[in-house]
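Undergrad: Chains as they are written, first to last, in our numbering: chain A, 1 to 768; chain B, 1 to 65.
Rather than coming from a laboratory, the hints here were simulated on the basis of the structure.
Heads up, a few of these hints could be off.
Unchecked claim - Anything over 10 angstroms on all C-beta distances counts as not near chain B; from chain A, calculated:
no., residue
1, 191
2, 224
3, 358
4, 481
To be verified - DEER-style ranges, computed between Cβ atoms:
no., chain 1, residue 1, chain 2, residue 2, range
5, A, 478, B, 41, 21 to 27 angstroms
6, B, 35, A, 164, 49 to 55 angstroms
7, A, 747, B, 41, 18 to 24 angstroms
8, B, 41, A, 539, 39 to 45 angstroms
9, A, 722, B, 41, 50 to 56 angstroms
10, A, 718, B, 35, 54 to 60 angstroms
11, A, 690, B, 35, 41 to 47 angstroms
12, A, 189, B, 35, 45 to 51 angstroms
13, B, 41, A, 554, 32 to 38 angstroms
Note that the structure is predicted; figures quoted are calculated from it, not measured.
Glycine included, each C-beta is placed from N, C-alpha and C at the ideal position.
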Amino acid sequence: MSASVSQYVLKVCSRCDLACDHCYVYEHADQSWRAKPRFIAWATAARAAKRIREHAESHRLDTVHVVLHGGEPLLLGHDGLREILSSLRSSIDPVTQLDLRIHTNGVLLDEKLCALFADYGVQVGVSLDGDRPANDRHRRFSDGRSSYAQVRRALSLLRKTEYRHLYAGILCTVDVRNDPIAVYEALLVEAPPRLDLLLPHATWDQPPDRPPGTLRPYADWLGKLHSRWVADGRPVPIRYFDSLLAAWQGRPSGSEAVGLDPVDLLVIETDGAWEQADSLKTAYENAPATGFNIFAHSVDEAAAHPGVASRQDGIAALCSTCRECHVVRACGGGLYAHRYRSDNGFDNPSVYCEDLKVLIPQVVSRPRNVPMTSLPESDPAASHSLPEGAFELLSAGPGNPAAMASLAESYWSVTRALVAQVASGLDGEGGDLGRAAVEGWTLLSALDAERPEAVREVLTYPYVQAWAMQCLSPGKSADLDLDYAHLAGLAASAAVRAGIETELTLPVRDGSIYLPSVGALAVGTGTGRTSAVRISPSGLSTRDGSLAWQSVRHVTAGDLSITVEDIDPFRDCNAWAPSGRLSSATWKDWRLGLAAAVRQLTAELPAYASVICTGLRSIVPMRPGVVGQRQSGTAQQAFGALALVLPDDVETLSGLLIHEMQHVKLTALCDLFDLFDREDRRRFPVPWRADPRPVEAVLHGTYAHLALADLWRSRSARTPHGEARRLFLMYRSWVDKGIDALLNVGTLTPHGERFVHGMRSAVEAWGS
Amino acid sequence: MDSEARPTSTRTDRGVIPDLRGIALGQLARRAADGEKEVTGVVSRILGSRESPSGVSAMMFNSTI
Numbered sequence: 001m002s003a004s005v006s007q008y009v010l011k012v013c014s015r016c017d018l019a020c021d022h023c024y025v026y027e028h029a030d031q032s033w034r035a036k037p038r039f040i041a042w043a044t045a046a047r048a049a050k051r052i053r054e055h056a057e058s059h060r061l062d063t064v065h066v067v068l069h070g071g072e073p074l075l076l077g078h079d080g081l082r083e084i085l086s087s088l089r090s091s092i093d094p095v096t097q098l099d100l101r102i103h104t105n106g107v108l109l110d111e112k113l114c115a116l117f118a119d120y121g122v123q124v125g126v127s128l129d130g131d132r133p134a135n136d137r138h139r140r141f142s143d144g145r146s147s148y149a150q151v152r153r154a155l156s157l158l159r160k161t162e163y164r165h166l167y168a169g170i171l172c173t174v175d176v177r178n179d180p181i182a183v184y185e186a187l188l189v190e191a192p193p194r195l196d197l198l199l200p201h202a203t204w205d206q207p208p209d210r211p212p213g214t215l216r217p218y219a220d221w222l223g224k225l226h227s228r229w230v231a232d233g234r235p236v237p238i239r240y241f242d243s244l245l246a247a248w249q250g251r252p253s254g255s256e257a258v259g260l261d262p263v264d265l266l267v268i269e270t271d272g273a274w275e276q277a278d279s280l281k282t283a284y285e286n287a288p289a290t291g292f293n294i295f296a297h298s299v300d301e302a303a304a305h306p307g308v309a310s311r312q313d314g315i316a317a318l319c320s321t322c323r324e325c326h327v328v329r330a331c332g333g334g335l336y337a338h339r340y341r342s343d344n345g346f347d348n349p350s351v352y353c354e355d356l357k358v359l360i361p362q363v364v365s366r367p368r369n370v371p372m373t374s375l376p377e378s379d380p381a382a383s384h385s386l387p388e389g390a391f392e393l394l395s396a397g398p399g400n401p402a403a404m405a406s407l408a409e410s411y412w413s414v415t416r417a418l419v420a421q422v423a424s425g426l427d428g429e430g431g432d433l434g435r436a437a438v439e440g441w442t443l444l445s446a447l448d449a450e451r452p453e454a455v456r457e458v459l460t461y462p463y464v465q466a467w468a469m470q471c472l473s474p475g476k477s478a479d480l481d482l483d484y485a486h487l488a489g490l491a492a493s494a495a496v497r498a499g500i501e502t503e504l505t506l507p508v509r510d511g512s513i514y515l516p517s518v519g520a521l522a523v524g525t526g527t528g529r530t531s532a533v534r535i536s537p538s539g540l541s542t543r544d545g546s547l548a549w550q551s552v553r554h555v556t557a558g559d560l561s562i563t564v565e566d567i568d569p570f571r572d573c574n575a576w577a578p579s580g581r582l583s584s585a586t587w588k589d590w591r592l593g594l595a596a597a598v599r600q601l602t603a604e605l606p607a608y609a610s611v612i613c614t615g616l617r618s619i620v621p622m623r624p625g626v627v628g629q630r631q632s633g634t635a636q637q638a639f640g641a642l643a644l645v646l647p648d649d650v651e652t653l654s655g656l657l658i659h660e661m662q663h664v665k666l667t668a669l670c671d672l673f674d675l676f677d678r679e680d681r682r683r684f685p686v687p688w689r690a691d692p693r694p695v696e697a698v699l700h701g702t703y704a705h706l707a708l709a710d711l712w713r714s715r716s717a718r719t720p721h722g723e724a725r726r727l728f729l730m731y732r733s734w735v736d737k738g739i740d741a742l743l744n745v746g747t748l749t750p751h752g753e754r755f756v757h758g759m760r761s762a763v764e765a766w767g768s
Numbered sequence: 001m002d003s004e005a006r007p008t009s010t011r012t013d014r015g016v017i018p019d020l021r022g023i024a025l026g027q028l029a030r031r032a033a034d035g036e037k038e039v040t041g042v043v044s045r046i047l048g049s050r051e052s053p054s055g056v057s058a059m060m061f062n063s064t065i
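Bound-form chain A, shown alone (with noise of 0.2 angstroms):
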């Protein structure tokens, strides 16, 4: 049986109002375009859509992804598109969930399309090269008019409150000859919800503009961009570092531009011809051509094209240079057009091997949210700080990315601090387990300060700051030396991040040792309470020999990446129990539960969506407590994660993710700054609850109903007069009177009584 398809570029429209002179469709090698329709008919856009529908019934995909492209998709003009929309919805969307974008050079977009697609659910991106020299260097009309003005018009519709759920994003392709600061405030100016970057299509045959004395001018000009992009906290995604990033640490990198994810797309023409992906077209006449069609044959068969189907085998289908490359698994033998020389076919490294080989090595050791090169140097005298307009940002709710980044950029010190603190207790007895501890703490310290990124991706893990705080504040029961041995635990998760070869001994917990944020080995409860391990790139070993290894579950959403906790012994820091390791079905329930939420809170409310992109790092699944009481919780000695039961419906599943997130971000906020006399004992009344409650409690839940209010404030938008607008109105009242009830206690300082003026700002500013 073929591969299943879940990506589909329905091509609409096989010309273009503009005539961009690097345009893969007209101006490179394959010129198929001359004898296409000019439009789809009908018809067939129908047909593909039964094609679609059958296909995703007969491999019961949970979600398909159709892009309308071109040419110029939107000179298909308003009714042609709503009769290929309608097509499509009506086809696929009682089999499953269509997610239906299009992509446009800007020009033709106007209110009536956006409230087209508004209508249609249709997520809109958009051609910008940056900056109106960098736009206008190939972006212009056939008689060399500029098209800048038209397309920032047309993004600017999109950030229209309206419309701007349907706001995609920006494709930006490189140019070498652009500023790369300019281009990327450029775009940052639009404020996309994410960005991507191309690397202009080139082969072999015809090989990248390089300029004169350069040498790898795509990765200087890349790392510059990426160098400040992660200086600024990451403001916004940029697809192709995420990409990257993704694959080196072996998630699906989420393009098909790098790793080595399956290929998962078809190209569907305008005459109805099924195709490959249309990058091809760069490297030879009918290069993307499979000779099938949506008529005459399914999916199933186009897919089994060997074009396609020899696009399956990752890192087996490349050149032996790539597959004995050290960063082939982030770049992936990079763009399969790039590989294209006329001699030998794809058996090729990318024409831009080199500059990957530089760039690469960047991008993947820049640990995620983290702006490096903005790090000052060690000033016991510098205290950490939000930037300008980040503190009104979050007492409006959602905050921004900038100003969650800041948040764990301070946990960071936090976490550093209390490891040291853990640390500054070893005294090298407790048998095997205090050896253990005192070896991983030398490894530990010593890989801080040869490969630090690798040692921030484990200790920034929030249950590692649990297990600190477990140790420095333990209870009763507590088996102090087995918990201060984990510090090797932490020092073997760094390794396998570092990619050396070491060996350890590493405390056995229930038959177990633990590698935060990497896994669990099982080694039996007979083994003593420490075990020898080798660590190298290819995995873990035992010398007695291993049960079984788990490794801890990853979920990528859009541009959620985070894990799903069910082994880490430290995960058990909320206020009732965690589940188990999640069964198959169960694991399946969660990631497509998750994927589908932050879908929806992406369209609902994207500021906060971002926010938890950003900021969460992982969920601990839990066991289901009193029905209505603990469906989620935060435990404020894990920064980053929260702890669910999964509920049935996404609507409350999306609504527990903003709810518990905002404590997230106000725990930190608690931490940085102070927003309250702690010594002040007394409790006060709140609505939510029928028990008195303390300062902190009040401040937590008026900004969790805060985000809330705000939810159902969207979603009573739709439905004026249904329960959605009963429950805006019910969370409204909550946070007037959480509000009244802060401004009245009189122990807030200043910062506090300005974060509570930023709370009822942002409520005022709905209206009524």
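Assemble the complex: chain A is given as a structure, and chain B must be docked to it using the hints.
TA: Using the frame of chain A, we list chain B on its own:
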């Protein structure tokens, strides 16, 4: 005169957590062992806030807050 009209700095909110990112872990542990406030102060603040009378005793917020 024009230059005086331009903002020369951005306003940030400075918090109370010292920036320990650039200090090696080994050195931080030695400072902690010596009782240097730079490290122990952070630890006390974090542990203390989880046990403060104005806070939530379970060290956790949940959907009932």
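Undergrad: All the hints need checking, so say for each whether the structure fits it.
TA: Now for the hints, and whether the structure bears them out:
no., hint, verdict
1, 191, "19 angstroms, holds"
2, 224, "22 angstroms, holds"
3, 358, "26 angstroms, holds"
4, 481, "18 angstroms, holds"
5, A:478 with B:41: 21 to 27 angstroms, "24 angstroms, holds"
6, B:35 with A:164: 49 to 55 angstroms, "52 angstroms, holds"
7, A:747 with B:41: 18 to 24 angstroms, "22 angstroms, holds"
8, B:41 with A:539: 39 to 45 angstroms, "41 angstroms, holds"
9, A:722 with B:41: 50 to 56 angstroms, "52 angstroms, holds"
10, A:718 with B:35: 54 to 60 angstroms, "59 angstroms, holds"
11, A:690 with B:35: 41 to 47 angstroms, "45 angstroms, holds"
12, A:189 with B:35: 45 to 51 angstroms, "50 angstroms, holds"
13, B:41 with A:554: 32 to 38 angstroms, "36 angstroms, holds"
The earlier numbered hints are all upheld by this structure, with none contradicted.
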